[in-house]
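Visitor: Below, each chain spelled out in residue letters.
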Amino acid sequence: MTGAIWNLLLALAWVVLSGDFTGLNLMVGLVFGYITLVLIEPQVPALGGYSVRLPRILRFLGFFIKELLLANLKVAFDILTPPWHMKPGVIAMPLEARSELEITMVANLISLTPGTLSLDVSDDRKVLYIHAMFLDNEDELRRNLKEMESRALELFR
Amino acid sequence: MIDVFKGIFILSGAIFMLLAALGILRLPDLLTRMHATTKAAALGVILIMLAVALHFAQVGVVARAFAIIVFILMTAPVAAHVLGRAGYFVGSKLWSGTVKDELRPNYDPLTHELKSGMETEANARRQPRETDAP
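In order, the protein sequence lines correspond to chains A and B. Note that numbering that gives the first Met the number 0 gives residue 84 to position 85 of the first sequence, counting from 1, and the numbers run on in steps of one. Note that numbering that gives the first Met the number 0 gives residue 31 to position 32 of the second sequence, counting from 1, and the numbers run on in steps of one.
It is worth saying that the hints were derived from the structure and are not from the lab. This structure is a prediction, so every number in the text was calculated from the model and none was measured. Fair warning: there could be bad hints in the mix.
[As the list claims (entries may be wrong)] Computed cross-link-like contacts, SDA-like style, restricted to lysine to any residue with a CA-CA straight-line distance of at most 20 Å:
{"hint": "1", "chain 1": "A", "residue 1": "K86", "chain 2": "B", "residue 2": "L93"}
{"hint": "2", "chain 1": "B", "residue 1": "K99", "chain 2": "A", "residue 2": "E137"}
{"hint": "3", "chain 1": "A", "residue 1": "K86", "chain 2": "B", "residue 2": "S91"}
{"hint": "4", "chain 1": "B", "residue 1": "K114", "chain 2": "A", "residue 2": "S98"}
{"hint": "5", "chain 1": "A", "residue 1": "K125", "chain 2": "A", "residue 2": "L152"}
{"hint": "6", "chain 1": "A", "residue 1": "K73", "chain 2": "B", "residue 2": "K114"}
{"hint": "7", "chain 1": "A", "residue 1": "K73", "chain 2": "B", "residue 2": "L21"}
{"hint": "8", "chain 1": "B", "residue 1": "K114", "chain 2": "A", "residue 2": "A91"}
{"hint": "9", "chain 1": "A", "residue 1": "K86", "chain 2": "B", "residue 2": "K92"}
{"hint": "10", "chain 1": "A", "residue 1": "K73", "chain 2": "B", "residue 2": "A40"}
{"hint": "11", "chain 1": "B", "residue 1": "K99", "chain 2": "A", "residue 2": "P93"}
{"hint": "12", "chain 1": "A", "residue 1": "K65", "chain 2": "B", "residue 2": "M73"}
{"hint": "13", "chain 1": "A", "residue 1": "K65", "chain 2": "B", "residue 2": "F8"}
[Claimed, not checked] Partial list, derived from the structure: chain A residues whose beta carbon lies under 8 Å from chain B:
{"hint": "14", "residue": "G18"}
{"hint": "15", "residue": "G22"}
{"hint": "16", "residue": "A91"}
{"hint": "17", "residue": "L118"}
[What the hints assert, rightly or not] Derived DEER-like restraints, expressed as beta-carbon distance ranges:
{"hint": "18", "chain 1": "B", "residue 1": "P27", "chain 2": "A", "residue 2": "G48", "range": "43 to 49 Å"}
{"hint": "19", "chain 1": "A", "residue 1": "S50", "chain 2": "B", "residue 2": "E101", "range": "37 to 43 Å"}
{"hint": "20", "chain 1": "B", "residue 1": "H54", "chain 2": "A", "residue 2": "S50", "range": "30 to 36 Å"}
All C-beta atoms, glycine included, are put in the ideal place defined by N, C-alpha and C.
Turn these sequences into a full structure, and let the hints steer you where they fit.
Guide: Encoded structure:
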């Protein structure tokens, strides 16, 4: 978090010093700020691994957008063609996320990808109940969900 | 070139919204309908907002378009979850083609207790909650 704020401050300093107040120049400033932070990071423990975290977040965004589009197309195909290919069902997924924030984020991400909708968390917060639309290959679905969860948790830990 | 991208974004956004509407009409039960409406509609809004940001290309408009995208991404899944959960527990029927339901056997409609199926002896007892009747 401190890393992100410093990156923004450096970018603003770049914009002010170069005197070119456009969005593009702000982007340039953000890139230069990031490079600076990568260089000084070994000496500043307060940054807390910012240089590793940012690419991780970007990679997660790319992965998530890919999943979102693919799954949306799958649901769209099923809506458009007359016979139902879907096999809906409710499955229980064991959670690795522990704190409230982590569970909320994981449940939200699962709800956002089409084909899965988080229904409820068990009272002891160990299991997330998910309504899935395509259960033809349950093992693969579970593996995908697990991968998404572990990737999301990487961002917090 | 940018015009082509704008066109693609707006058209695909509109198509996804149309699909969401079709989904409400065609899909058989509440939960599958929630799938179609919230996600396809959210993706549609996101694509259209991207096209808006590309078209105007001013700082104010772009910032607002991204704010809209972020708020849609934050609120859509919460709304879908709450509607689906309420519908499920109130007892809306699942479609006849539903393959399995791992939630129903773990749910106690009298105490509203939801087990995980992973309880040990130690924590199997129900924890009292604020909403309980005295």
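Visitor: Now tell me if each hint is right for this structure.
Guide: Status of each hint after checking the structure:
For a cut-off of 20 Å, the pair hint linking K86 of chain A to L93 of chain B stands: about 12 Å separates their Cα positions. Only pairs whose Cα atoms come within 20 Å are accepted, and K99 of chain B paired with E137 of chain A is accepted, the gap being roughly 11 Å. The hinted pair formed by K86 of chain A and S91 of chain B meets the criterion: a straight-line CA distance of about 18 Å does not exceed 20 Å. Annotation: proposed proximity of K114 of chain B to S98 of chain A holds, straight-line Cα distance about 18 Å (limit 20 Å).
A hinted pair counts as satisfied when its Cα atoms are at most 20 Å apart, and K125 of chain A with L152 of chain A qualifies at roughly 15 Å. Between K73 of chain A and K114 of chain B the alpha-carbon distance is near 32 Å, which puts this suggested pair outside the 20 Å criterion. This hinted pair checks out: K73 of chain A and L21 of chain B have alpha carbons roughly 15 Å apart, not beyond 20 Å. The straight-line distance between the Cα atoms of K114 of chain B and A91 of chain A is roughly 11 Å, inside the 20 Å bound, and the hint therefore holds.
A hinted pair counts as satisfied when its Cα atoms are at most 20 Å apart, and K86 of chain A with K92 of chain B qualifies at roughly 15 Å. The hinted pair formed by K73 of chain A and A40 of chain B meets the criterion: a straight-line CA distance of about 15 Å does not exceed 20 Å. Distance check on the hinted pair: K99 of chain B and P93 of chain A sit about 17 Å apart at the alpha-carbon level, within 20 Å; holds. Restraint check for K65 of chain A and M73 of chain B: the C-alpha separation of about 18 Å stays at or below 20 Å, so the hint holds.
Between K65 of chain A and F8 of chain B the CA atoms are separated by roughly 16 Å; this keeps the pair inside 20 Å, and the hint holds. Restraint check, G18 of chain A versus chain B: the minimum CB separation of about 16 Å is more than 8 Å; hint violated. At its closest, the beta carbon of G22 of chain A sits 5 Å from a beta carbon of chain B; the interface hint therefore holds under the 8 Å criterion. Nearest Cβ of chain B to the Cβ of A91 of chain A: about 4 Å, under the 8 Å cut. The hint holds.
The interface hint given for L118 of chain A is met, as the beta carbon of that residue sits about 5 Å from the closest beta carbon of chain B, less than 8 Å. Look at P27 of chain B against G48 of chain A: about 48 Å separates their beta carbons, and that is inside 43 to 49 Å. At roughly 42 Å, the beta carbons of S50 of chain A and E101 of chain B sit within the given window of 37 to 43 Å. Between H54 of chain B and S50 of chain A the CB atoms are about 35 Å apart, so this pair conforms to the stated range of 30 to 36 Å.
The structure does not agree with the numbered hints 6 and 14 stated previously, though it agrees with the rest.
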